[in-house]
Every structure is written in structure tokens, then in C-alpha cells.
Amino acid sequence: MSARLDTPLGLPAAGPLPAQRGAWLSAVQLPLAATVSLFTAMAVFGSLAYDGFFSAQVFLNLLIDNAFLCIVATGMTFVILAGGIDLSVGAVLALSTMVSAVLVEQRGWSPALVIPLVLAMGAGFGAVMGWLIQRFRLQPFIVTLAGMFLARGLCYLLSIDSISITHDVYAGVAQWRLPLWGDEAALSAGALIALAVLLVAWGAARWTEFGRTVYAIGGSEASAVLMGLPVARTVVRVYLLSGLCSALAGVVFTFYMQSGYGLHAMGLELDAIAAVVIGGTLLSGGVGHVAGTLFGVLILGIIQTLIMFDGSLSSWWTRIVIGALLLVFCLLQRVCEAAGRKGQGR
Amino acid sequence: MTTLRRWLDHPLCWPALTLLLLLALNAAFNPALLKLQWRDGHLYGGLVDILNRAAPLVLVALGMTLVIATRGIDISVGAVVAISAAIAALMIGGQLVVEDGVPRHVSRFPMPLALAAALGVALLCGLWNGLLVARIGMQPIIATLILMVAGRGVAQLLTNGQIVTVYYAPYFFIGNGFLLGLPFALFIAAAVWLALHLLLSRTALGLFVQAIGINPAAARVAGVRAGLITVCVYAFCGLMAGLAGLLVSSNVKSADGNNAGLLMELDAILAVALGGTLLSGGRFTLAGSVLGALIIQTLTSTIYSIGVPPEVNLVVKAAVVFVVMLLQSADFRRWLRTAVMRPPLQEVAR
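As given, the protein sequences belong to chains R and W, one line each in that order.
According to our numbering, the residues represented by the first sequence are 1 to 346, in order.
According to our numbering, the residues represented by the second sequence are 347 to 696, in order.
Be careful, since some hints might not be right.
[To be verified] Covered stretches of chain W, as calculated for chain R (at least 3 residues, CB under 8 Å):
#1 402-411
#2 480-491
#3 636-643
#4 671-679
[Stated by the list, open to error] Where chain R lies over chain W, by a calculated footprint (3+ residues, C-beta under 8 Å):
#5 377-388
#6 583-589
Just so you know, the hints here were simulated from the structure itself, not pulled from any lab data.
Note that the structure is predicted; figures quoted are calculated from it, not measured.
Virtual Cβ for every residue (Gly too), placed ideally from N, Cα, C.
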């Protein structure tokens with residue numbers, strides 16, 4: 001399949017099948033460049049304004065504290081690239097923490113069994129939603145909304161209270177740190193998992209048939225079907241991937257919080273969508289970058305860090321700033337789109 | 347037979363049947379529900395209660411219906427409910443002052459001013475959404491996502507993350523008062539529905555909204571002022587969310603920036619879908635959305651009254667959404683027909 005794509009059309013093996021190189025550059029690279037510059041600007045501002053901000057650990061903490069968001073947002077990137085949306089991610093994350101907690105703490109199962117089970121459950125949850133969306137032409141928004149209700153409801157059915165996880169494995173992983181630069185700075189297991197997920201996703205988006213098909217579907221589903229791409233299979237897989245990522249994020253979350261709770265990660269879906277959009281991925285699908293998502297997550301993280309370091313601003317400002325940033329990036333994308341269309345009409 | 351078919355084909359038939367079924371179920375488990383009492387010049391009872399509690403959702407669902415009819419979606423209504431409630435509660439504040447032995451309620455600002463301010467801000471929120479969608483050309487979900495994220499932050503900022511209590515008795519009339527023996531909130535919802543119904547059915551406006559939903563480009567070419575109508579529709583949706591915020595805050599005599607209107611956008615979308623409005627835009631029914639909102643409130647009340655733990659609420663809602671959206675899907679109905687191996691006796695024209 002990939003050979004059929006590459007050689008006859010004469011497109012480079014890498015890259016998401018840009019219809020027009022120039023248009024793609026302006027539509028993708030500019031928001032990505034804006035995201036990276038914004039992050040840099042915020043980091044420089046923080047370092048100048050606050051004592052102790054400029055240290056390796058502060059920046060590594062961005063990754064450690066947002067590892068689960070990073071994993072969820074990576075899965076969400078594929079969904080959005082394919083022109084869909086997944087509102088169930090936060091609820092699936094919460095359900096994973098809940099199932100882990102119940103099985104490990106109350107049933108005494110081994111984490112070696114529970115973790116794969118939870119991952120399979122998340123993947124299955126996503127796959128069913130993807131199948132419904134694909135097979136019956138349902139709107140992703142409504143299907144995943146129902147999925148969100150269902151997953152949160154299942155959480156509360158298991159227990160309405162928070163269940164703390166005291167198992168040695170979870171405690172051990174939670175405390176484990178990969179030292180970098182001696183005792184100066186360290187990364188947690190969750191952060192390493194997040195980086196690995198990002199790396200795999202980046203490769204998958206660029207170099208696999210799956211990745212190219214996702215971009216093609218987001219560009220135009222009808223065209224992708226006419227090109228003979230495996231659209232049905234890919235759509236189901238995209239949601240499966242998002243469900244899997246949410247479950248994995250749930251596992252990372254249990255390492256981080258060491259508890260299962262139905263209210264965990266309330267509103268995470270919005271943060272994930274915001275991270276993806278700020279990362280330069282177009283919500284209408286087909287244009288975007290996994291690397292941008294990383295910077296989207298880092299920007300959300302650094303906003304929180306800045307507000308924390310400032311101390312005088314209430315945490316509500318985080319939401320307002322995120323909303324303002326969303327607005328700026330959406331406007332930027334509209335400008336890029338308009339420029340891209342003009343370029344194509346040439 | 348044909349009369350029955352005509353009834354069954356009526357778009358409001360299924361929502362109405364669902365509601366009746368729910369009420370019957372409710373009455374079977376909890377006969378006290380259907381009992382109506384006339385006490386102190388008011389009508390009391392489970393049904394009145396359901397209607398009263400459903401009023402804010404009915405309002406929001408009516409606004410959402412129009413937005414969805416133009417192929418849009420407004421996920422910021424919950425945040426707007428919180429903002430409007432916060433503004434009203436903060437501006438009224440109020441306290442009980444005893445002057446010469448006569449207790450008197452005092453508000454910080456005159457109540458009409460506070461109400462106007464809350465509704466005005468809600469209208470501006472809707473206007474902002476509409477401008478982003480119609481003028482900038484953003485996707486409705488992302489345009490309203492911005493306000494959904496930031497709006498909740500604004501509401502929390504206004505209330506400082508606390509619950510603002512209102513101590514001003516006249517304000518409570520909106521959400522708790524009775525008029526002609528019926529809850530006042532009911533009259534507000536009914537008046538809005540009636541006005542909207544007349545506006546959309548007696549003028550060409552309803553047709554325009556439908557045309558925009560079916561094909562925005564064609565509607566524009568045909569001379570429909572699509573941009574203006576879209577902005578107005580979002581502004582109206584914001585205004586309805588603001589009104590719902592007033593009802594909610596008046597009912598609970600406080601405003602909670604963190605939780606007021608939380609997940610209300612989802613309930614409103616669900617109500618619209620349950621009522622039979624196509625989520626892909628075009629065809630819409632206001633009465634259906636009212637029925638949808640009543641179904642959701644009845645469902646919630648049923649779950650509480652028959653002693654099922656409230657946690658099940660979400661699972662039941664999820665099941666209802668899945669069933670409704672599958673039944674709305676032509677592909678699913680076709681799949682179902684072939685799956686049960688029934689020869690296509692009648693091709694239902696839907």
C-alpha cells in the first residue's frame with residue numbers, strides 16, 4: 001500500500017501528502033513555529049521574572065506533571081488529524097485508574113495482569129466507539145460524549161469514593177527517578193513513558209501507511225476512499241489508539257496519584273484538545289504535527305508554573321489564559337488557511 | 347391503520363412516547379409522583395416539581411436547537427450559565443436590614459439592573475460566539491470551546507471560587523415563586539417557547555434557519571442573510587443560557603462559579619437530539635427539544651425516586667444517547683432491517 005502511495009504519485013516518503021508544498025508549509029509550520037516561540041518566550045519571561053524558575057528540574061517537572069496529559073493529547077492528535085474528536089478521554093482515564101485500584105487493592109490481582117488488562121479495556125472502548133462512528137456514520141462528538149457518560153458512570157458504579165493504591169509496585173514506580181546530570185535533575189517513569197509514546201506516534205504519523213491514511217482522511221475522507229485507502233479500518237484504529245492512550249495515561253496517573261477515583265481528570269478532554277490546537281493541529285483535520293502537541297502540552301504546563309511562581313494570581317487565570325491562547329491560535333490558523341487557499345488557487 | 351401510521355410518523359411521536367413511558371415507569375414505582383395537591387394556593391406534586399426543575403434546561407435546549415439547526419453547536423452554555431448566575435448573585439448580594447423593627451430586604455444594586463446586566467453579559471457571550479463562527483469562519487465547536495474554557499475561569503474569578511449566597515427575597519421569586527398556582531419558572535419557559543414558536547413558524551425566519559442548516563452556501567446565494575442570522579442564533583443561545591443561569595441561581599439562592607451549569611451543554615445537546623432534531627443541521631423541532639429536556643429531567647427524577655443509586659444516572663444517560671443516535675442513523679436502521687432478515691415491507695420515508 002505504501003509503495004502504491006509513494007512511487008506513482010512521486011511524493012516524498014516522509015510527510016503527510018501535502019497537496020501543495022507551499023500551502024502545507026504556511027499552514028503547518030507557522031503555527032508550530034508560533035507555538036515553539038511562545039513557549040520559549042514564556043520560559044525566558046519566567047526565568048527573568050522569578051527566582052529559581054530557570055532550573056532544569058522546573059522544566060523537567062513540566063513533563064513529569066503533565067505526562068498523562070501528554071499521552072492523552074498524543075492519541076487525540078491522531079483523532080483530530082483524522083477529522084474527528086474524542087470527548088471520552090478523561091473519563092476513560094478515570095475508569096482505568098478506578099479499575100486498576102479495584103482489581104489491585106480490593107481483589108488482590110497482580111499489577112502485571114491488571115495493567116495489560118486496563119490497556120486492552122481502553123483500546124476496546126475506543127475501538128467500539130470508532131466502529132459506531134465509522135459503520136453507522138454517527139457524529140464523533142455525540143458518540144464520544146455518550147462514551148464519556150458511560151465511562152464516568154461505570155467509575156461511579158465501581159465506587160463513588162477515592163480508592164488509594166498502596167501496592168508496592170505502584171509505590172515503587174511512583175518514587176523511581178531517572179537521574180540526569182547527577183542529582184541536579186531527574187525524570188519520572190511517567191515522563192519517560194510519555195516521551196516514548198510521543199516518539200512512537202511521531203514515527204507512526206510520518207513513516208507508516210496508517211499515519212499517511214490518517215492525514216488523507218482528515219484532508220478529505222471521500223478522496224481517501226476513492227484513492228483506495230483503508231479508510232474504515234483506519235478510522236476505527238484512530239479511536240482505538242486514543243482509547244489505548246487514555247488507558248495508558250490512566251496507568252501513568254495511578255503512578256502519579258496512587259489512587260483510583262471517578263472524578264480524576266475532570267475536564268481533561270478540553271485540556272487535551274487545547275494542547276492539540278495550540279500545537280498547531282487544525283481541528284478540521286488533515287493538517288498538524290505530533291511534535292506540536294508536545295509543545296502544546298508544555299505551554300499549558302508553563303502557564304500553570306508561571307501562575308504558581310507568581311503567587312498573586314488565582315488558578316482561575318489558568319483557564320482564562322488557555323482560552324485566550326486558544327483564540328489566538330485559532331485565529332492564526334484561519335489566517336494560514338486563507339493564505340493556503342490563495343496559494344492553491346494560483 | 348393509516349391514522350396510526352400518520353401518528354407514528356409524526357416527529358414528536360417518539361419523544362412523547364418515551365416521556366409517557368418514563369412517567370408510567372415512574373408512577374409504577376412511586377405512585378406518589380402523580381399526586382397533585384393544592385396547598386396554600388399553590389399546586390404541589392412530583393409532576394410540578396419535574397416541570398419546575400426542567401425549566402432552565404428547556405430554555406438552554408431551545409437556544410441550542412436553533413444553533414444545531416444551523417449546523418452549529420454551542421458547548422459554552424454551561425460556562426455562560428455560571429457567568430450569568432455569578433453576575434446576578436454578586437450584583438444583588440443583598441441583606442436583611444431591620445429598620446424600626448421592620449425587616450427589609452436590601453440589594454446591592456436594584457434588581458432590574460442586576461438582571462439586565464447578567465442577561466446583557468450572557469447576550470454578549472453569545473454574540474462573541476456568533477461572530478467567531480459567522481465572521482471569522484471558525485468551526486462552531488472550537489469557537490465555543492474557547493468560551494467554554496475561559497468562561498468557567500471568568501465565573502470562578504468573579505465568585506473567587508466560592509459559593510456566593512444571595513440574601514434578597516424578591517430575587518427568589520424567579521426560581522421559586524408561584525403565579526396562578528404554578529411555578530413562575532414554568533411561565534418563563536413557556537413564554538419563550540411560545541414566542542420562539544410564533545416567530546419561527548409565522549415568519550420566514552424558521553425557513554431561513556433551516557436553509558442555512560441544509561446548505562449554508564446555497565442559502566447565502568439564495569439571498570438569505572446567513573451571517574446575520576447565524577450571529578443572532580448564537581446570541582439568542584447565549585441569552586437563553588443567561589436566563590437559565592438566573593433561574594438556577596434564584597432557585598438555589600446562590601451562585602457557584604465552579605459547578606453552576608456544569609455539563610449543562612451536554613444535557614442540552616442530548617435534549618435536542620432526543621427531541622428529534624437532526625444533529626447534522628437542517629430539520630429542527632422546538633417542541634421536540636422541550637420534550638427532550640422533560641425526558642432528561644424525568645429520567646433524573648425517576649432514577650432518584652425508584653431508589654437506584656444516583657451514580658447509575660450517567661450510565662442510563664449514556665445508554666439513552668446510544669439508542670437515540672443509533673435510531674437516528676439511516677445506516678443503522680438499514681443494518682437493523684437486514685440483520686433481522688425482515689423483508690422491507692414499508693420504506694419509511696425519513
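Violated hints - listed by number, lowest first:
1, 3, 5, 6
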